[in-house]
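Offset between the sequence shown (1-based) and my numbering: plus 99.
I should point out that these hints are in silico values taken from the structure, not numbers from a laboratory.
Every residue, glycine too, gets a C-beta built ideally from N, C-alpha and C.
Be aware that one or more of the hints could be misleading.
PhoX-like cross-link-like pairs, simulated, lysine-lysine; straight-line CA separation at most 25 Å [stated by the list, open to error]:
(1) K158 - K211
(2) K242 - K211
(3) K242 - K103
Cβ pair distances, simulated, as ranges [what the hints assert, rightly or not]:
(4) C233 - M192: 28 to 38 Å
(5) L105 - F191: 21 to 31 Å
(6) A122 - S159: 22 to 32 Å
(7) T104 - E188: 28 to 38 Å
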Amino acid sequence: MSDKTLNLQSETQTLELGTALAAIVRPPLVIHLEGELGAGKTTLSRALVQGLGHQGHVKSPTYTLVEPYELENVSVYHFDLYRLADPEELEFMGIRDYFSDQSLCLVEWPSKGQGVLPPADLTITLSYQGEGRCVTLSSHSTKGEAILEQL
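Given only the sequences and the hints, what does the whole structure look like? Please build it.
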């Protein structure tokens, strides 16, 4: 559909992007987060989850595969598939149950779940650009397109 590219000069700007996204995202929604280790996927996810109203710590679900956040108007599921050995493992954990009409699913390392994960409405790709980050947001649905228009 379409893309939007942003240049973020600091972690603060990454946090601001997450907060801005929180103001416009609505379930059901699937966001894939791509980028190298340390590129800022979890930082962006943390700001988005906190922007939606979570008061506590937002940790990386690297070892648990998923961290759930039950908020007032949305269930947020933050997945980190980095350590996933086989996409079929997602079937055993009941992955399909997480993707409901009330959920916002953030998926880091979505390529590890290829063939099992539902398609993304929005893909956010973070890459190193000197000390900052280049962020490309790509829409894959009308919902994703609406987010890009509002951002």
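Right, here's what the structure says about each hint:
As the CA atoms of K158 and K211 are separated by approximately 20 Å, the hinted pair is consistent with the 25 Å bound. Restraint check for K242 and K211: satisfied, since their Cα atoms lie roughly 24 Å apart, inside the 25 Å limit. A C-alpha spacing of about 15 Å is found between K242 and K103, which places the hinted pair at or below 25 Å, so the restraint holds. Evaluation of the 28 to 38 Å hint for C233 and M192 yields a pass: the beta carbon distance comes to about 33 Å.
Separated by about 37 Å at the C-beta atoms, L105 and F191 break the suggested range of 21 to 31 Å. Checking the proposed 22 to 32 Å range against A122 and S159 shows it holds: the Cβ atoms sit about 23 Å from each other. The hint said 28 to 38 Å for the Cβ distance between T104 and E188, and at roughly 33 Å that hint holds.
In this structure, the one hint that does not hold is number 5.
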